[in-house]
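Let the sequences and hints guide you as you build the complete structure.
If you're matching them up, the sequences are chains A and B in order.
Each residue of the first sequence is one higher than the one before, counting from 1130 in the working numbering.
Each residue of the second sequence is one higher than the one before, counting from 1130 in the working numbering.
Just to be clear, a hint being listed does not mean it is correct.
No copy labels: a pair is met if it fits in one copy or bridges any two.
[Unchecked claim] Quick list of in silico lysine to aspartate or glutamate cross-link-like pairs, EDC-like style, CA-CA up to 20 angstroms:
no., residue 1, residue 2
1, K1230, D1264
2, K1230, D1251
3, K1230, D1258
4, K1216, E1181
5, K1249, E1171
6, K1216, E1157
7, K1249, D1232
Note that these hints are calculated values from the structure, not bench results.
Residue strings, one per chain:
There are 2 protein chains.
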Amino acid sequence: MFDTLEGAPTGTQVALDAVFDALRFDAEGLLPAIAQHADSGEILMFAWMNREALRETLQSGRVCYFSRSRRSLWRKGEASGNVQRLKELRFDCDGDVVLMKIDQTGPACHTGRATCFYLKVDGDQVIVDRDIDVDPEAMYEKS
Amino acid sequence: MFDTLEGAPTGTQVALDAVFDALRFDAEGLLPAIAQHADSGEILMFAWMNREALRETLQSGRVCYFSRSRRSLWRKGEASGNVQRLKELRFDCDGDVVLMKIDQTGPACHTGRATCFYLKVDGDQVIVDRDIDVDPEAMYEKS
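Given below as structure tokens:
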């Protein structure tokens, strides 16, 4: 499937169900999933999806991951209220990565920052370069 | 390390060597790595890095991944000439993902497209929505 699409011209369409059957989930049945802010283009977080999480995300329009620690579906925002609304979903060339553009309510990161990627390498140092917008304790009390 | 940085104020610095020791490589010794175009913010590709690839990328300023299929360092562009120059590198909140902003020479994707994420879900279809900029055969003859 993905091999044959490599040389396909722009506008080529295939059925989503056929793509689903061809997706290359890893040994644990998961795909890496990248969440990018639909407006700013900022990368907000990275997590994992199993087949069910991906189906639910596409059907509901609300992003659902698979929590590797809890071994269960993780409807982003179910504890914090910080839900993610799906604007666009893409697969990569070999069908083993998901990229989503989303609208984010509140901070994406469990630390209360807008993004999980607040640790920036600067020479031989790493710098925290994003403010905490919401106290995480307050964030998780909301639910 | 990453736990203690969760509540750290903006501007907090820690030594890169200490962060390196705390990074949470997976069972295969790898971290997911996301490459984002430094100017446009577009996600160009997703691959993996081991400790050595990450070190080399930071030291040389040229992006080096770890190829899981070839089980060796993969200096992006060594076959195609489509090198990636590192502009910024970040870790996520729990130290198990790398996000890079890069300058990209030529197409990032082995299909000759600017990005690997050219398969867009549209209802019950998936659409190829990016043109092939460079014939892959010509791309890999260059090296």
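Q: Please write out, lowest number first, the hints stated earlier that are contradicted by the structure.
A: 1, 6
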